[in-house]
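For the record, in the sequence shown the residue sitting at position 214 is 213 according to numbering that gives the first Met the number 0, with numbers rising by one throughout.
These aren't lab readings, by the way, just hints derived from the structure by calculation. One or more hints might be untrue.
Unchecked claim - With beta-carbon atoms standing in for the labels, derived distance ranges:
#1 Ile410 x Leu347: 16 to 26 Å
#2 Ile410 x Met133: 47 to 57 Å
#3 Val381 x Lys271: 53 to 63 Å
#4 Val156 x Ser14: 20 to 30 Å
#5 Thr467 x Asn406: 27 to 37 Å
#6 Asp463 x Leu497: 20 to 30 Å
#7 Ser14 x Glu376: 38 to 48 Å
#8 Pro121 x Val349: 46 to 56 Å
#9 Pro489 x Glu244: 22 to 32 Å
#10 Arg117 x Thr24: 26 to 36 Å
#11 Arg117 x Leu85: 15 to 25 Å
#12 Glu270 x Ser14: 33 to 43 Å
Quantities reported herein were computed from a predicted structural model and do not represent experimental measurements. In this text, a Cβ means the ideal position worked out from N, Cα and C, and glycines have one as well.
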Amino acid sequence: MNLISIMQENAGLFSDSVAVIDGATEKFITYKELWRQVNAVASGLKSIGIAAGDRIGLYLPNGAEFIISYFAILMIGAIAVPFDILFRNFEIKYILENSSAKAVIGLERELSRLLSMRNELPNLLSVVGAGDQMNIQVDRRLSDWIQAECLNYTEPVQILDSQPAAIHYTSGTTGRMKGVVLSHYNIAVNTKINGHYLLGLNDQDRVLGLSPFNHVYYFQVVLGPLSVGAAAVTLPRSSPRLALEAIEKYRITHLSTVPTMFRYLLQQFKEKKYDLSSWRVAGSAAANINPDLVMQIRNTFGVDFFDTYGSTEASSTITYTRLRHYKSGSVGMPAHGYMVKVVDDQELEVPVGEVGELVVRGPGIFRNYWELPEKTEIAFTVGGWYKSGDIARLDHEGYVYIIGRKNDMIISGGYKIYPLEIEEMLLSHPEIADAIVVKRKDPNLGEVPVGYVILKSGAELTPDQIITFCQERLAKYKCPRIIEIRSDFPRSPSGKTLRRCLESENNKTQE
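Using the sequences plus the hints, can you model the full thing?
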């Protein structure tokens, strides 16, 4: 099973149906036309010497050009290496050097920084420009390949399920970025899970995702719809106003994003009403979502809701809450073909209801970290289960509850404290919009919790009032010693709060 055979079949089954709606250009691309453009770019890549196994960087924003390029790379047996359009010189150079990328397809207005260090990248033989043509020196332009009528039809190469299809780099929150190698089978099987089971799509649906496509959320919000004949809708940037306008304009049925963006969507909707009658399903991922926020989403927008849990190493989805069967606080049960269990520090399974590390088996689990055999080995248990690094518990029905990251756990005077518990309590306050709890070094207790909060518009809470609120609801050892009120938190491009940045800042301030 691979994506190219799925897309080739869908080009015939749904030839005149809309496959992609590009929000930046407002172009509608049918399945037949998408397949033609993928063929053209695949032929273009072959014409500049790209062959099976070569790594190709994708430095593109969300849009049709990203989707077309991704499929074209896979079609000729090469390996896609997508990275964030917000990355700068150090990050770009590291990824291209580490992957030994032979070519890059990039947005022309962003390529100047890459071209400035081209002499330091001896493996990089070709730079292909995309988007608006700028006055910079690129070797080829994607638009020339797409518009060409003379390019030969490219027959897909014979692809083994086990062959690498993509290298997706992790965010580096636990150290230097690691390249997660995903096979054609890994991606294709999770794509089918996302399209058929998670989203429950058909060929009349339209799906909008509001996270960068270099993130494996792409497998849910783009590859999921395209695997079943639905349409993927793209926006050039993550904006609550653009998202609500797109739902109204393009009659979107499904929207998936992160909890933070849902807060922005709710605020935007309060300021201006939109016709959202087509919207049926909302999905969240990438971070824990507060039950009160879920209730606001369902009541305000009149949608069904699901939550998902996954990782880059699992090709996106590991667990999800089934539509019409959402269970508050849970990220659902394992996806089809997946198994999970909770283990202690000795990798022994703990009883139901007890807390430990979540370990996973399933068809999407990655092959290896690119050229990091030692890190690959320690990512798995002795029995071959992938160690997620997440603290979780299971209930008697098999639902999974994520407590937090293993590395985020605070040990204060011998007590184990999970930041998520404190954050959920803080978010229960009617005047608090968002909250993050991090650890601070303490000479007496080892570590203590410190809280950062964002207040709702018009709120006038003081830090002392918030601490008192905590002390009335939590054991004393769990209560934050300090509360700092912020207007926003540092966030990754996918919308995750960068907890490590706050933690580092907090401990530096202490010094």
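Next item on the list: With 16 to 26 Å as the target window, see if Ile410 and Leu347 comply at their CB atoms.
Entry: Given about 21 Å between the Cβ atoms, the range holds.
Notebook entry, point to check: That 22 to 32 Å hint for Pro489 and Glu244 (C-beta), does it hold up?
Noted result: holds, 27 Å
Margin query: Between the beta carbons of Arg117 and Leu85, is the distance compatible with 15 to 25 Å?
Written below: With a Cβ separation near 20 Å, Arg117 and Leu85 satisfy 15 to 25 Å, so the hint holds.
Check: Do Ile410 and Met133 keep their Cβ atoms within the hinted range of 47 to 57 Å?
Finding: At 52 Å between Cβs, range holds.
Next item on the list: For the range 33 to 43 Å, tell me whether the beta carbons of Glu270 and Ser14 fit it or not.
Entry: With a Cβ separation near 41 Å, Glu270 and Ser14 satisfy 33 to 43 Å, so the hint holds.
Item checked: Glu376 and Ser14 - C-beta distance against the hinted 38 to 48 Å -> Distance hint for Ser14, Glu376 holds at roughly 46 Å.
Item checked: Supplied distance hint 20 to 30 Å, evaluated on CB atoms of Asp463 and Leu497 -> holds, 27 Å
Checklist line | Distance restraint hint 53 to 63 Å, applied to the beta-carbon atoms of Val381 and Lys271 | finding: Taking Cβ atoms as reference, Val381 and Lys271 lie about 56 Å apart, which means the hint holds.
Note to self: If I claimed the Cβ atoms of Thr467 and Asn406 lie 27 to 37 Å apart, would that claim hold in this structure?
What the structure shows: Because 30 Å falls inside the window, the suggested range holds.
Next item on the list: For Val156 and Ser14, compare the CB-CB distance with the range 20 to 30 Å and indicate the outcome.
Entry: holds, 23 Å
Notebook entry, point to check: Regarding Pro121 and Val349, is the given constraint of 46 to 56 Å on their beta-carbon distance met?
Noted result: holds, 50 Å
Next item on the list: Take the C-beta atom of Arg117 and the C-beta atom of Thr24, compute their distance, and say whether it sits inside 26 to 36 Å.
Entry: Since the Cβ atoms of Arg117 and Thr24 sit about 29 Å apart, the hinted range of 26 to 36 Å holds.
The earlier numbered hints are all upheld by this structure, with none contradicted.
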